[in-house]
Amino acid sequence: MSTAASIPERVERVVITGMGIWSCLGKDLAEVAESLRIGRSGIVFDPVRKEMGFRSALTGKVDMPDLKAELGRRQRVGMAEECYYAYAATAQAFRQAGIGEEELRAHEVGILYGNDSSALAVVEGVDALRRKKDTTLIGSGSIFQSMNSTVTMNLSTIFGLRGINYTVSGACASGSHAIGMGFLLIRQGLQRIVLCGGAQEVNPVAFCSFDGISAFSVREADPTRASRPFDRGRDGLVPSGGSAALVLESLSSALERGAPILAEVVGYGFSSNGKHISDPDLDGQVRALHMALKMADMGPADIGYINAHATSTPIGDLVEAQAIDTVFGATRPPVSSTKGMTGHECWMAGASEVVYSILMMQGGFLAPNLNFEEPDEASERLNVVRGPMQHRVDALLSNSFGFGGTNSTIIIKRYAS
Amino acid sequence: MSTVAQRERIEARTKEFLVAEFEVQEDLILPDADMKETLALDSLDYVDLVVVIQDNFGVKLTAEDFQRIGTFADFYEHIEQRIASA
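In order, the protein sequences belong to chains D and B.
Heads up: the first sequence begins at 3 in this note's numbering, then just goes up one per residue.
Heads up: the second sequence begins at -17 in this note's numbering, then just goes up one per residue.
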């Protein structure tokens, strides 16, 4: 194993000054923190999926925000389902960071969101064409809803953002890479504030082909026990979604504005396996972990909690457990995958799990790895959090891995001046 | 259907979709009011207006048609004629 990358000199420290969340665990930070604290599952059985021909009808249950009072028709018409969630999360994050219209006018605030599909919008647009046989009768919203960049194009327009503006499509690591890229831009002094996040549509159209490769758990009789990361009896993931947003800001900007400093981003590790399209790879994951630690100037003993990617698939959790054991075998920090509660939030997961982890750090607790009852030969070597526990964390690590062998690791620590 | 009844139906349907889909205040949709000024639509909104008119009346309007339409009364008249000649 070797990490080719040399880490560039840091120009700015990067802190988080605002967060927002809209997920199956709740519609704001307080509600989600409570769900994490008590280990509440957001997974349900959706009969519509069965009628459509799904192998598994399990899903995270995420409500649509009603934005009619906040946004006009022209603003809403180009927004796909995931944009609604992303708007809600982003508005919360800016509010917490104290960033309003004045701040947005004064500075070039950027936006980077992880998103890798807008399937329902594509299907609805093409269905309209097939029905009407005239492209001019599809409507104006379809193109802006259908592109992977639907979130960043809509939100940059709505909030008047004038900095970096693009979408990161890195499969199930998209949200994590978005945070990583925002971190690097600020760290190198190229941006002052970047709104980073992840968004994921939850509709059945978005997930039918994923279900078609038998990736989902079929424990339909007991939805809240279906997602069981690291457990020997796991049989697949449960799809979910929503949106999470974080305001990343240079420390100097945050201090100048008197903004609340929630945590500091200190490391981003990335790698590509260069092997199988869907199988995980130990070497790729370990390289990402080492790179994040190197950038953070930390050793394994400095990490007090790992929020694992573990999605509840047999092979994915096995390889991640081996990767964590390879790097952290000597120190064995507590590990949990919040996907036991949320299911797999896919494109959003890398961002939402950083939000979940910071809520734990703020609240002095660790959320459980729900449904972890019997370890397998790899997870028995980990210190998996079985139930909610009081625990102080000063530095944490969040893993995200995706199809195509894309790996991302983010390290966050408690802010100290 | 009589001409009066047909006109009332067109007027009612138009108000309905303009209020529901374009969030226009109903009391501004008056026969003598200028349609373009009242709706204050941009070029993308016109794309959606064409769709909603087609959905409701089975008639597809072109940019040239809109240029000939001044007031809401003109619009109702245009739709009535197109339906009659269809």
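None of these hints come from the bench; they were simulated from the model.
Built from N, CA and C at the ideal position, the CB exists for glycine as well.
There could be a bad hint or two in this list.
[Said to hold, decoys possible] Cross-link-like lysine-lysine pairs, in silico, DSS-like; alpha carbons within 30 Å at most:
| id | chain 1 | residue 1 | chain 2 | residue 2 |
| --- | --- | --- | --- | --- |
| 1 | D | Lys135 | B | Lys18 |
| 2 | B | Lys18 | D | Lys29 |
| 3 | B | Lys42 | D | Lys70 |
| 4 | D | Lys52 | D | Lys29 |
| 5 | D | Lys29 | D | Lys70 |
| 6 | B | Lys18 | D | Lys70 |
[Said to hold, decoys possible] Listed below are several chain B residues computed to face chain D (Cβ distance under 7 Å; list not exhaustive):
| id | residue |
| --- | --- |
| 7 | Glu8 |
| 8 | Asp16 |
| 9 | Val29 |
| 10 | Val33 |
| 11 | Gln36 |
Which hint numbers does the structure go against, in order from smallest to largest?
2, 7, 8
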